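**Student:** Sequence:
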Amino acid sequence: MSRFLNERISGLKPYVPGEQPKEREYIKLNTNESPYPPSKMGIEFANSEAQIAQLYPDPDCKELTELVANELGVKKSQVILTNGSDEVLNFAFMAYCDKNTPAVFADITYGFYKVFADVNGIESKIIPLKEDFTIDVNDYINQNGTVFIANPNAPTGILLSLDQIEKVVKSNPNRIVVIDEAYIDFGGQSAVKLIDKYDNLLITQTFSKSRSLAGARLGFGVANENIISDLMRIKYSTNPYNVNRLTLGIGKGAILEKEYFKSNCEKVIRDREFTKNELIKLGFTLTNSSANFLFAKTDKIGGKELYLKLKEKGILVRHFDVDRIKNYIRISIGSAEQMQKFVLAVKEILEEI
Numbered sequence: 001m002s003r004f005l006n007e008r009i010s011g012l013k014p015y016v017p018g019e020q021p022k023e024r025e026y027i028k029l030n031t032n033e034s035p036y037p038p039s040k041m042g043i044e045f046a047n048s049e050a051q052i053a054q055l056y057p058d059p060d061c062k063e064l065t066e067l068v069a070n071e072l073g074v075k076k077s078q079v080i081l082t083n084g085s086d087e088v089l090n091f092a093f094m095a096y097c098d099k100n101t102p103a104v105f106a107d108i109t110y111g112f113y114k115v116f117a118d119v120n121g122i123e124s125k126i127i128p129l130k131e132d133f134t135i136d137v138n139d140y141i142n143q144n145g146t147v148f149i150a151n152p153n154a155p156t157g158i159l160l161s162l163d164q165i166e167k168v169v170k171s172n173p174n175r176i177v178v179i180d181e182a183y184i185d186f187g188g189q190s191a192v193k194l195i196d197k198y199d200n201l202l203i204t205q206t207f208s209k210s211r212s213l214a215g216a217r218l219g220f221g222v223a224n225e226n227i228i229s230d231l232m233r234i235k236y237s238t239n240p241y242n243v244n245r246l247t248l249g250i251g252k253g254a255i256l257e258k259e260y261f262k263s264n265c266e267k268v269i270r271d272r273e274f275t276k277n278e279l280i281k282l283g284f285t286l287t288n289s290s291a292n293f294l295f296a297k298t299d300k301i302g303g304k305e306l307y308l309k310l311k312e313k314g315i316l317v318r319h320f321d322v323d324r325i326k327n328y329i330r331i332s333i334g335s336a337e338q339m340q341k342f343v344l345a346v347k348e349i350l351e352e353i
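Here the sequence shown stands for residues 1 to 353, numbered as in this note's numbering.
One thing to keep in mind: the hints can contain errors.
[What the hints assert, rightly or not] What follows is a set of in silico ranges between Cβ atoms, one per label pair, in the way DEER data are often shown:
| id | residue 1 | residue 2 | range |
| --- | --- | --- | --- |
| 1 | G283 | R3 | 23 to 31 Å |
| 2 | K326 | N47 | 24 to 32 Å |
| 3 | I280 | A336 | 13 to 21 Å |
| 4 | P173 | T31 | 45 to 53 Å |
| 5 | E273 | Q189 | 26 to 34 Å |
| 6 | I141 | Q54 | 50 to 58 Å |
| 7 | S10 | Q189 | 21 to 29 Å |
| 8 | T285 | D107 | 16 to 24 Å |
[Unchecked claim] Mimicking BS3-like on lysine-lysine, the simulated pairs with C-alpha atoms at most 27 Å apart in a straight line are:
| id | residue 1 | residue 2 |
| --- | --- | --- |
| 9 | K99 | K76 |
| 10 | K297 | K28 |
| 11 | K99 | K75 |
| 12 | K130 | K262 |
| 13 | K76 | K125 |
| 14 | K297 | K309 |
| 15 | K267 | K281 |
| 16 | K347 | K304 |
| 17 | K62 | K40 |
Don't read these hints as lab results, they were simulated from the structure. Since the structure is predicted, the reported quantities are computational estimates derived from the model, not experimental observations. For every residue, glycine included, the Cβ atom is placed at its ideal position computed from N, Cα and C.
Sequences and hints are given; from them, build the entire structure.
**Tutor:** Have a look at this one:
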């Protein structure tokens, strides 16, 4: 760090992304990416946009915003497109938290919430998950801060019902409740239908997981028009051209190729359940994941040791060096072939110990 960096930033503990090693070819089951390529239509649209990349993209993202709104059954004015869902989350921390309004979130959840709070100089109110890693919605009733809930949660994959989400939103009428639905397409019910009923609800989603666009960086927020107006104010005060031209094109294809999207989600769910059942046969304990990953442990080997042994065999999973979950690994769901290789590798490791 330079001697010029201010004290608040110098004290930050940055978010740690999943490994992206280049020294060998791995089966990557560590960053919750889709194992399937982007839609062919999206690639064609992106190639077309690349021909005019010397021109700025539409700052209002009008065409794709309308497609997303139609897909969700909401108005264009209720949607904001962003550079990944992380950007709309950061906008929410900037807009709805301050020295009098802390950010409220779980102790085991998406790691960026704490980073966003710290980088914006915001106090964090951290609520422990229950022993079984579920969220007790009663802990989030009548909070004095802005509530952030990942649903399904990460890294556990555990889903709250729509009724549970509504209970939290309804009980905090004077505070914003942000529901992060990055993994909602793999078995959950979105809370988008509640945005006309509650003016304090903001939902975020991403194209990274179910729509195979992690590398394109595309996400969105959905809320009532006044909240979207707030977020647009921040966007136009920081980076009006936040979604690039190629990403708008490939995102358009991702929305229009509905059957491809549906088929990929179904395959991920199928292969998640296959892998879950195979791990149970091997004596693993797993949370009830509704995401595109599994969260698993075994008494036969520690989480870090299993992660390292899998890495030696050319398979990357995610291990979190946090006391409550240090014995677990998070396994992204890849293709059927990749998951079969993963299960075989786990069997070999267990036989070797």
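**Student:** Each hint needs a verdict: does it hold in this structure or not?
**Tutor:** Hint-by-hint comparison with the structure:
1. Checking the proposed 23 to 31 Å range against G283 and R3 shows it is violated: the Cβ atoms sit about 54 Å from each other.
2. Separation of K326 from N47 is about 45 Å and departs from the stated range, judged on CB atoms against 24 to 32 Å.
3. The given range of 13 to 21 Å is respected by I280 and A336, whose C-beta atoms sit roughly 18 Å from each other.
4. The hinted window of 45 to 53 Å between P173 and T31 is violated, with their beta carbons roughly 37 Å apart.
5. Between E273 and Q189 the Cβ separation comes to about 18 Å, which falls outside the hinted range of 26 to 34 Å.
6. Hint check: I141 to Q54, Cβ distance near 53 Å, so the stated range 50 to 58 Å holds.
7. For S10 and Q189, the Cβ-Cβ distance of about 43 Å falls outside the hinted range of 21 to 29 Å, so the restraint is violated.
8. As the Cβ distance of T285 to D107 is approximately 20 Å, the hint placing it in 16 to 24 Å holds.
9. For the proposed pair K99 and K76, the alpha carbon gap of about 32 Å is over 27 Å, so the pair is violated.
10. For the hint linking K297 to K28, the alpha-carbon distance of about 19 Å falls within 27 Å, and the restraint holds.
11. Proposed proximity of K99 and K75 is contradicted: the alpha carbons are some 33 Å apart, above 27 Å.
12. With a CA separation close to 33 Å, the supplied pair K130 and K262 exceeds the 27 Å bound.
13. A threshold of 27 Å between alpha carbons decides the hint, and for K76 with K125 the separation of about 33 Å lies outside it, so the pair is violated.
14. Distance check on the hinted pair: K297 and K309 sit about 14 Å apart at the alpha-carbon level, within 27 Å; holds.
15. Distance check on the hinted pair: K267 and K281 sit about 21 Å apart at the alpha-carbon level, within 27 Å; holds.
16. Only pairs whose Cα atoms come within 27 Å are accepted, and K347 paired with K304 is accepted, the gap being roughly 17 Å.
17. For the proposed pair K62 and K40, the alpha carbon gap of about 22 Å is at most 27 Å, so the pair holds.
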